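Student: Sequence:
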Amino acid sequence: MPLIRVTDATYTALARLAIGTFRPTGTRQADGTWLVPIDQDTWDRIHAMRLPGETDEDVIQRVIHQHLGCRPS
Numbered sequence: 002m003p004l005i006r007v008t009d010a011t012y013t014a015l016a017r018l019a020i021g022t023f024r025p026t027g028t029r030q031a032d033g034t035w036l037v038p039i040d041q042d043t044w045d046r047i048h049a050m051r052l053p054g055e056t057d058e059d060v061i062q063r064v065i066h067q068h069l070g071c072r073p074s
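Okay, so the sequence shown: first residue is 2 according to our numbering, each after it adds one.
By construction, these hints were calculated from the structure, which means they are not laboratory data. Remember, it's a predicted structure, so these values are computed and weren't measured experimentally. Hints are supplied without guarantee of correctness; some may be wrong.
[Stated by the list, open to error] So the derived label-pair ranges between C-beta atoms look like this:
hint: 1; residue 1: P25; residue 2: H68; range: 18 to 24 Å
hint: 2; residue 1: Q30; residue 2: G70; range: 29 to 35 Å
hint: 3; residue 1: P53; residue 2: R6; range: 15 to 21 Å
hint: 4; residue 1: R24; residue 2: L52; range: 17 to 23 Å
hint: 5; residue 1: M2; residue 2: C71; range: 29 to 35 Å
Each residue gets a CB set at the ideal place from its N, CA and C atoms; glycine is no exception.
Given the sequences, and given the hints that come with them, work out the whole structure.
Tutor: Written out as structure tokens, the structure is:
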């Protein structure tokens, strides 16, 4: 199962936006980031949406902002 590294802010935003009960599956790291296991379909989707130079974190933040109706920065 692939792992992605996200910041605490992104992990919290994902938990807030979750539909239904959020089951925390991430492991908090010493540097304050989270390692989160994701299924292969989600991994493939993140990589398909990636713009040049973006990290997994960047893609997820961009999608969160689009979902909330924010303009791109």
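Student: Hint by hint, where does the structure go against what was stated? Just the numbers, ascending.
Tutor: Violated hint: only 4; rest satisfied.
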